[in-house]
Amino acid sequence: MKAGTIYDELARGGISRREFMKICGLLAGALGLTSVPPVDVNAAYDALRKPDGLVNLVAEALQTKPRLPVIWLEFQDCAGCTEALTRSHDPTLVNLVLNTIDIEYHETLFAAAGAQAEAAKEAAIKKYAGQYVLVVEGSISPGSGQIYCTIGGRGSGDLLQEAAANAFAVVATGNCATFGGLPRANPDPTGAVGVMDLVTDKPVINVPGCPAIPEVFTGTLFHLLVFGAPPELDSLKRPMPFYANTIHDRCLRRPYYEAGLFADSFDDDGARKGYCLYKLGCKGPTTYNSCATIKWMEGLSFPIQAGHPCLGCSEPNFWDGGGFYQGQSAPLLRPAAALAAGAGAVGLVLGAGMATANQAQKKRAHPTEQHKE
Amino acid sequence: MNWLAILDFARGPFFEVALLVFIGGLAYRLMRILLLGWHFDRIKPAGSKLGGALISYLRGILIWPFIPWVRNTFSKNPVIYIAGGLFHLGLFAVIFLDAAHILAWQSLLGFGWPSLVTPIVDWLAAIAIVAMILLFINRLVNPVLKLISGPAEWLNLLFVFIPMLSGYIMAHHLFFAYEVNFSIHMLAVDILLIWIPLSRISHFMFYFFARAIHGADFGKRAVIP
Amino acid sequence: MQAQTAVNTFVHETGGWVASQLEACTRCGMCAEACHFYQGTGNPELAPVWKVELLKRAYEQRFTIIGKLKLATGIDHHVTDDNLLHWSKIVYEACTLCNKCSMVCPMGIQLGPLIHEVRTGLSAAGMVPADLMSAVHKQEAEGSPLGVTDSVYDDRLEFFEDEYEIKLPVDKKGADTLVVFSSIEIMKYPGNIAAIAKILNAAGENWTLSHAGREVVNFAFFEGDNEETVLFLKRIFDAAKDLGVKRIVVTECGHAYDAIRWTAANLMDVPEGVEITHIAHLLGELVRTGRIKLKEGMYDNGGTITFHDACKIQRRGGHIQEPRDVLHVLAPKSFKEMIPNRAEAICCGGGGGVIAIKEADPYRYAAFELKVDQLKKVGASTVVMGCSNCRLQFDDCVQHFNLDVKVAGLSQMVADALIE
Chain P
1 MKAGTIYDEL ARGGISRREF MKICGLLAGA LGLTSVPPVD VNAAYDALRK PDGLVNLVAE
61 ALQTKPRLPV IWLEFQDCAG CTEALTRSHD PTLVNLVLNT IDIEYHETLF AAAGAQAEAA
121 KEAAIKKYAG QYVLVVEGSI SPGSGQIYCT IGGRGSGDLL QEAAANAFAV VATGNCATFG
181 GLPRANPDPT GAVGVMDLVT DKPVINVPGC PAIPEVFTGT LFHLLVFGAP PELDSLKRPM
241 PFYANTIHDR CLRRPYYEAG LFADSFDDDG ARKGYCLYKL GCKGPTTYNS CATIKWMEGL
301 SFPIQAGHPC LGCSEPNFWD GGGFYQGQSA PLLRPAAALA AGAGAVGLVL GAGMATANQA
361 QKKRAHPTEQ HKE
Chain C
1 MNWLAILDFA RGPFFEVALL VFIGGLAYRL MRILLLGWHF DRIKPAGSKL GGALISYLRG
61 ILIWPFIPWV RNTFSKNPVI YIAGGLFHLG LFAVIFLDAA HILAWQSLLG FGWPSLVTPI
121 VDWLAAIAIV AMILLFINRL VNPVLKLISG PAEWLNLLFV FIPMLSGYIM AHHLFFAYEV
181 NFSIHMLAVD ILLIWIPLSR ISHFMFYFFA RAIHGADFGK RAVIP
Chain Y
1 MQAQTAVNTF VHETGGWVAS QLEACTRCGM CAEACHFYQG TGNPELAPVW KVELLKRAYE
61 QRFTIIGKLK LATGIDHHVT DDNLLHWSKI VYEACTLCNK CSMVCPMGIQ LGPLIHEVRT
121 GLSAAGMVPA DLMSAVHKQE AEGSPLGVTD SVYDDRLEFF EDEYEIKLPV DKKGADTLVV
181 FSSIEIMKYP GNIAAIAKIL NAAGENWTLS HAGREVVNFA FFEGDNEETV LFLKRIFDAA
241 KDLGVKRIVV TECGHAYDAI RWTAANLMDV PEGVEITHIA HLLGELVRTG RIKLKEGMYD
301 NGGTITFHDA CKIQRRGGHI QEPRDVLHVL APKSFKEMIP NRAEAICCGG GGGVIAIKEA
361 DPYRYAAFEL KVDQLKKVGA STVVMGCSNC RLQFDDCVQH FNLDVKVAGL SQMVADALIE
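Chains as they are written, first to last, in our numbering: chain P, 1 to 373; chain C, 1 to 225; chain Y, 1 to 420.
Keep in mind that the hints were calculated from the coordinates and are not lab data.
In this text the structure is predicted, and so the values were computed from the model without any measurement.
Think of the CB as a built atom: it goes at the ideal place given N, C-alpha and C, for glycine as much as any other residue.
Honestly, I wouldn't trust all of these hints.
[As the list claims (entries may be wrong)] If you want the ones that stay clear, here's a sample from chain P, every Cβ over 12 Å from chain Y, calculated:
#: 1; residue: Ala28
#: 2; residue: Gln63
#: 3; residue: Asp234
#: 4; residue: Arg254
#: 5; residue: Arg272
#: 6; residue: Ala341
#: 7; residue: Leu350
#: 8; residue: Met354
#: 9; residue: Ala355
#: 10; residue: Ala357
#: 11; residue: Gln359
#: 12; residue: Lys363
#: 13; residue: Ala365
[Unchecked claim] Straight-line alpha carbon distances no greater than 30 Å define the calculated DSSO-like cross-link-like pairs of lysine-lysine that follow:
#: 14; chain 1: Y; residue 1: Lys376; chain 2: C; residue 2: Lys220
#: 15; chain 1: Y; residue 1: Lys358; chain 2: P; residue 2: Lys363
#: 16; chain 1: Y; residue 1: Lys406; chain 2: Y; residue 2: Lys172
#: 17; chain 1: Y; residue 1: Lys234; chain 2: C; residue 2: Lys44
#: 18; chain 1: Y; residue 1: Lys293; chain 2: Y; residue 2: Lys406
#: 19; chain 1: Y; residue 1: Lys295; chain 2: P; residue 2: Lys362
#: 20; chain 1: Y; residue 1: Lys336; chain 2: P; residue 2: Lys363
#: 21; chain 1: Y; residue 1: Lys336; chain 2: Y; residue 2: Lys358
#: 22; chain 1: Y; residue 1: Lys358; chain 2: Y; residue 2: Lys295
#: 23; chain 1: Y; residue 1: Lys406; chain 2: C; residue 2: Lys44
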């Protein structure tokens with residue numbers, strides 16, 4: 001057993017071997033894995049073949065690895081993802097995972113401020129080069145001469161590139177860091193972009209949501225810790241263990257959808273009976289996330305359960321993807337009445353012109369006219 | 001390119017353009033006919049032209065498609081006759097009474113109306129799809145239809161069939177991810193909207209002309225159309 | 001060149017009325033199911049929708065952008081003289097303009113009148129079957145396609161007066177009613193003339209015949225030549241004006257009634273205050289008002305009697321109920337309807353000039369097969385009709401198909417049942 005491993009630290013804190021294995025069991029759940037992840041870790045395969053394989057795998061990792069260094073950058077954000085994470089109460093899975101990482105820099109959580117804090121960050125980047133995970137919260141504004149969102153007089157684009165250069169992986173948390181989020185919504189004054197638009201030479205893992213589900217975020221980090229590699233990702237670089245299914249697929253109101261029972265307003269009988277919220281603008285059918293299974297507040301509830309339609313916050317462009325309370329089958333754009341009337345008027349005028357030309361043609365085709373020709 | 005972006009395009013700018021083409025195109029075709037010159041009918045009528053036209057509409061809508069033996073003519077292939085009727089019934093039920101489509105109407109018109117129960121719409125949609133397949137087969141084998149079918153007729157079938165089928169697949173979450181089915185459905189609808197003013201699918205507009213002419217002509221002669 | 005003339009005529013004739021109906025067509029092909037010529041022969045080219053193809057092509061190519069594009073890209077082709085020849089065959093020889101197709105068209109397109117428009121274009125281009133053409137020329141020159149000149153007319157009337165012991169007033173000024181016979185009746189069914197004279201006299205009608213307006217048949221209307229149609233109609237209207245009659249009664253001739261009652265006013269000025277009606281209507285009225293008395297049930301003992309609806313008198317003429325009222329008096333027990341009947345009846349297959357064209361005989365017989373079916377199904381021993389043209393076709397086909405069915409004219413049956 002190497003000194004400085006997570007197990008050592010836990011043991012120093014008075015955690016017994018039995019308690020440690022229990023923790024490993026809980027943490028194994030945090031991975032959200034149902035099968036072997038596609039990472040090249042032979043030990044992982046061997047371990048998984050045994051009963052309690054995943055637990056042993058976690059225990060193995062915790063006994064051999066030090067805490068995972070994390071540098072946390074915030075750009076155009078609301079700190080909501082941080083809030084969601086830190087508002088979790090003891091003892092939670094989230095907190096357990098947080099105990100296995102080491103946050104080296106975090107604006108919101110840091111006691112230090114100003115030049116001192118920036119110096120700490122630069123030190124961490126150098127010290128843990130190639131080992132730390134860079135977590136990004138908030139969208140980046142690389143354009144416009146980087147005049148938006150500056151920290152210590154430096155633009156967000158530069159700050160990101162600098163921190164990403166030495167990172168072993170980058171985790172973008174929340175819709176802003178992944179897809180641009182609210183800052184990117186029309187009219188997008190800052191030219192906001194997500195991490196994956198700028199960082200192309202490092203593994204980028206997107207954990208979208210507004211905010212990201214804490215368990216999903218920590219599960220992703222923990223995966224990096226245990227396997228030393230990102231989990232399987234979908235086409236939007238989202239971890240498959242948490243983003244393989246739509247909200248709709250796992251929704252507790254799904255049977256009402258199938259039966260065609262819908263709430264028509266927030267205070268009608270259908271709403272009280274818990275009918276499907278499709279007509280109230282639910283974006284569940286096209287939204288991939290774990291809200292319906294992991295839920296929020298330690299599994300207490302999630303928006304649809306509480307009676308509010310899904311906003312689709314883990315999908316790109318969700319701010320502009322139709323009104324929150326507009327049914328998904330409604331068109332995103334519809335011609336303004338004046339434009340539609342204009343098209344109609346153009347049609348009418350052209351049609352009238354064609355008819356006039358045809359009338360003239362009819363006259364020319366008159367039998368007596370033909371004789372003249 | 002991810003499917004959600006395609007979906008946003010199909011529900012957004014493409015739909016808007018398609019709708020404008022649809023409105024402008026139909027207005028053009030309507031005007032071209034309306035102003036082509038109409039002769040004033042100077043024949044002394046024996047019956048009511050208006051009455052004839054009304055009966056003609058009612059017969060056309062209510063009786064005609066579902067009771068083939070009314071005209072005692074379709075003993076040879078009643079299935080095709082009924083298929084045409086059921087296709088239109090299913091189509092109208094799906095377009096105007098399906099909950100999801102009413103949401104679309106609501107956003108376009110500003111008002112909605114109660115929907116039909118999903119399982120009924122669902123069955124009607126399935127029937128309409130089967131009816132379309134029958135009509136397609138009929139067009140393939142019937143000698144008259146073979147003679148009068150050009151590329152446009154086949155495209156008509158195709159452009160109506162894809163939205164119907166993709167809509168059904170989407171409603172049942174079959175084969176592909178929902179947003180993929182949704183995208184295909186919306187793209188097909190947009191293409192259909194543009195195709196309608198270019199093709200004979202616009203018969204829903206000229207139906208009223210032809211039916212009125214037919215009814216008035218028969219009503220004028222005091223014959224029930 | 002001929003094609004150009006035909007297309008120009010189509011273009012000239014195409015107003016909103018034609019265009020809106022052409023636009024409404026969905027190419028569903030249902031009209032074929034109604035056409036007795038298609039049903040009889042199975043030839044898809046005889047489908048009504050295909051018969052108006054020329055008109056549709058002319059409309060598309062000359063009036064629409066898409067049509068012009070189709071022409072430019074080679075999807076569609078210009079109308080050629082060969083096309084005219086081909087269509088001349090199908091619209092003259094295999095169509096009676098009975099308009100049954102419009103009854104089954106989901107859109108209600110008036111295919112009969114549209115095919116009449118096609119005939120108009122073809123006649124302008126001179127693409128008319130020779131038999132029909134010569135009949136028109138004969139009517140123009142002699143006043144009748146069957147050669148009923150003034151002197152022949154006088155001879156025939158004299159003969160009828162002797163043969164049937166009736167009085168036939170001719171050119172009687174101040175008469176109320178001008179009766180116009182068709183030359184088919186004059187030459188082939190003189191019994192009809194005697195019967196109608198007997199009925200009118202029995203009813204005390206103040207009626208007359210006319211030399212100038214002796215022929216109600218209008219072969220130019222078959223041909224689709226509007227100018228000639230007007231010329232022939234004018235002869236009758238002039239006679240009516242000269243004699244100062246209040247009413248023109250068309251006898252048992254279908255298309256003539258369509259021309260004079262339902263077309264004339266849109267082609268020309270018709271005399272004011274002159275009512276135009278059909279003998280079928282008059283018969284119904286006379287029986288209803290009791291102006292003539294009939295032996296009730298007179299024909300009840302001769303087997304099943306059925307009524308053939310003539311396309312131009314019943315469906316296109318509007319006199320559907322009157323003949324039935326009369327038959328319910330004459331044969332209340334043995335009268336049985338064929339199916340389909342009334343407005344939806346199947347046409348005899350001889351109208352619209354078809355019977356006048358020798359080359360059309362195979363089509364004509366094929367179309368009549370549907371009628372044979374109907375007659376057999378209803379088990380008719382007598383078939384009654386109010387149209388001499390239908391009667392010609394029935395007489396010929398009953399012989400051709402060896403049917404044991406008696407063909408009768410409605411007026412004659414009424415005349416025979418009169419109580420003096």
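Okay, the hints, checked on the actual structure:
No Cβ of chain Y comes within 12 Å of the Cβ of alanine 28 of chain P; the nearest lies about 64 Å off, and the non-interface call holds. The Cβ of glutamine 63 of chain P lies farther than 12 Å from every Cβ of chain Y, with a closest approach of about 76 Å, so its non-interface assignment holds. A cut-off of 12 Å between C-beta atoms confirms that aspartate 234 of chain P is not in contact with chain Y; the least separation is 45 Å. Residue-level check passed: arginine 254 of chain P sits 40 Å from the nearest beta carbon of chain Y, beyond 12 Å.
For arginine 272 of chain P, the shortest C-beta to C-beta distance to chain Y comes to about 47 Å, beyond the 12 Å cut-off, and the non-interface label holds. No beta-carbon of chain Y is positioned within 12 Å of the beta-carbon of alanine 341 of chain P; the least distance is around 23 Å. In this structure leucine 350 of chain P is not separated from chain Y by more than 12 Å, as the shortest Cβ-Cβ distance comes to only about 10 Å. With a cut of 12 Å on Cβ distances, methionine 354 of chain P falls inside the contact zone with chain Y, its closest approach being about 8 Å.
Consistency note on alanine 355 of chain P: stated as away from chain Y, yet its beta-carbon is not over 12 Å from all of that chain's, at 9 Å minimum. Listed as outside the interface, alanine 357 of chain P is inconsistent with that label: its C-beta sits roughly 9 Å from the nearest C-beta of chain Y, within the 12 Å cut-off. The beta carbon of glutamine 359 of chain P sits about 9 Å from the closest Cβ of chain Y, which is not more than 12 Å, so the claim that it is off the interface is violated. Here lysine 363 of chain P does not stay apart from chain Y, with its beta-carbon only about 8 Å from theirs, under the 12 Å limit.
Remark: the non-interface label on alanine 365 of chain P conflicts with the geometry, its nearest Cβ contact in chain Y lying 4 Å away (cut-off 12 Å). Only pairs whose Cα atoms come within 30 Å are accepted, and lysine 376 of chain Y paired with lysine 220 of chain C is rejected, the gap being roughly 34 Å. Restraint check: the Cα-Cα separation between lysine 358 of chain Y and lysine 363 of chain P comes to about 37 Å, which exceeds 30 Å; the hinted pair is violated. Our distance criterion of 30 Å between C-alpha atoms is broken by lysine 406 of chain Y and lysine 172 of chain Y, whose separation comes to about 36 Å.
Among the hinted pairs, lysine 234 of chain Y with lysine 44 of chain C is consistent with the structure: their alpha-carbon atoms are about 18 Å apart, no more than 30 Å. Restraint check for lysine 293 of chain Y and lysine 406 of chain Y: satisfied, since their Cα atoms lie roughly 25 Å apart, inside the 30 Å limit. Taking the CA atoms of lysine 295 of chain Y and lysine 362 of chain P, the gap is about 58 Å. The hint is violated against a cut of 30 Å. Restraint check for lysine 336 of chain Y and lysine 363 of chain P: the C-alpha separation of about 52 Å exceeds 30 Å, so the hint is violated.
For the proposed pair lysine 336 of chain Y and lysine 358 of chain Y, the alpha carbon gap of about 33 Å is over 30 Å, so the pair is violated. Of the pairs offered as hints, the one joining lysine 358 of chain Y and lysine 295 of chain Y is violated, with about 41 Å between alpha carbons and a cut-off of 30 Å exceeded. Only pairs whose Cα atoms come within 30 Å are accepted, and lysine 406 of chain Y paired with lysine 44 of chain C is rejected, the gap being roughly 37 Å.
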